[in-house]
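S.K.: Residues per chain are reported as follows:
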Amino acid sequence: MSIQVENNLKDSDNSEQLQQKTHYVPCKIESDGNANVEKYFEPYITEKENGELTGTFRGHHLDGVKMRLPDGYRAVLVTEAKKPLAEDADRRFQIAGGFKEFVYWNWDKKPSKNDNIVKGFEWMDIADAYLGGIVSFGSISVELSWFTYTVTGGGGVTWNYRNQSPPKCSKTP
Amino acid sequence: MDSLKALEEYLKSKDNAENFFSSSEIPPICKSEACMLGVDEAGRGPVLGPMVYGVAYCPLSQKKILESLGCADSKALTEDKRDEIFTKMLIEQESIDNVGWKGEVISPKYISNSMYRRAKHSLNEVSMNSAISLIQMVLDGGVNLAEIYVDTVGPPEKYQAKLSEIFPNIKITVAKKADSIYPIVSAASIVAKVTRDHALKVWNFKEGLDMDHSQFGSGYPGDPLTKKFIREQIDHVFGYPLLVRFSWSTAELMLQEKAATCTFEDIDESPNKKAAGTKSISTFFSPKDKTSRKRHKFFQERCLKMTNAFE
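From first to last, the protein sequence lines are chains Z and U.
If you're matching positions, the first sequence starts at 1 in our numbering and goes up one per residue.
If you're matching positions, the second sequence starts at 1001 in our numbering and goes up one per residue.
Read the hints as simulated data drawn from the structure, not as lab findings.
This one's a predicted model, so the numbers in the text were calculated from it and none came from an experiment.
The beta carbon of each residue, even a glycine, is placed where N, CA and C say it ideally should be.
Accuracy of the hints is not assured; some may be wrong.
[Said to hold, decoys possible] A few chain U residues facing chain Z, derived, Cβ under 8 Å:
no. : residue
1   : LYS1014
2   : ALA1017
3   : PHE1020
4   : TYR1116
5   : LYS1120
6   : LEU1123
7   : PRO1168
8   : ASP1235
9   : HIS1236
10  : GLY1239
11  : THR1261
12  : CYS1262
13  : GLU1301
[As the list claims (entries may be wrong)] Listing some non-contacts, in silico: residues in chain U with all C-beta distances to chain Z over 10 Å:
no. : residue
14  : ARG1044
15  : LYS1063
16  : GLU1207
Kindly generate the complete structure, drawing on both the sequences and the hints.
M.R.: Shown next, in the form of structure tokens:
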């Protein structure tokens, strides 16, 4: 099976689409679609002078911090317009949006270098040194879910390695 | 503060997602003469809005003022009557000179967050901490406290022991229905109830919902308006606005039924720990799964998996 990604957002007009505001929430949300982040999430965020963020989701206290993807990486959100019927058929995805920065949230625990996502980023450096080339970086944790608010989900979040076109990247299952 | 309007203005000016205090000036006489202090709460049961803890204090010698204000079992008083008594506390000189009060508004967000901590923090703990901090603040203000009376819904003995340990030099009485026995507790109860009622009246939705208490009701789960609100004001992803205590079973059950399922990280350290060394007999006969080779610990710890490459 091969996977193809089409990038229709190459032109500069779409740069905003690739700079989405993104929140990484410590909760598996069984929903795929638009979310009222502007109404039900962002108004609750408070920022302390030291940059620590607090928020709340479904009554749970969240501790957050702004994060940037490691240099040379950006995240892309892909959607699949037509899902093939056969399991092993070739698949085509379209890039719907992306981001380089996001807010990482923990449930009632200050974000630290021991969080899986930070440790996961270590692999990028190691792989870079070890493989010295193209790297696939899969889903960080299946327990966590992403949402952005102008992009309708449908695919997973992907990580792509340096703006190669077409991008070499991997997809979350 | 000199009127209920001023109280409402004050409540409106505060961030209703956070806890805050509202209080009278400390009457100077309370610093010199030995005082009693009453503690009571309002809005423990409702699924909507804040819970309010209130304290009221006055010199031991001025008990009759409380009676003349009409401080009796606040549950037997109507809302209008409570408003009237509280207004008297704000404007009548005799009351201002002798009776001080303070309330803590505990936001529904704080209540939900506390009950949904990793290490759960019960409503009783939230309540006790609020009572303790209010008493401490009154003491820090220089009030000469000799006696404390506390109304409780939980077992009085534990509560009393805890307060006596923290405030060893003060005579402490914790009792069920203290509200109807001690006028100073009734006064505290009026402070709490009036504050809670008006906090709901001026509730401003951060989510931009154009609604008020005439539409969401008293907040008690039995109130038909509240029931309707809980049934209808559901956001598929986020659940409810911050007015709602997510940790209440009324809200929890409704979200389970009507909103997207959300699963937080399991905090139970060993959810499925099987007794070591006891394999079920069937495992010896089932085919070996050759495909699931264990990945290196480095990847396992980081939740990294092999996935398909894109082209």
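S.K.: Does the structure break any of the earlier hints, and which numbers would those be?
M.R.: 1, 3, 5, 6, 7, 16
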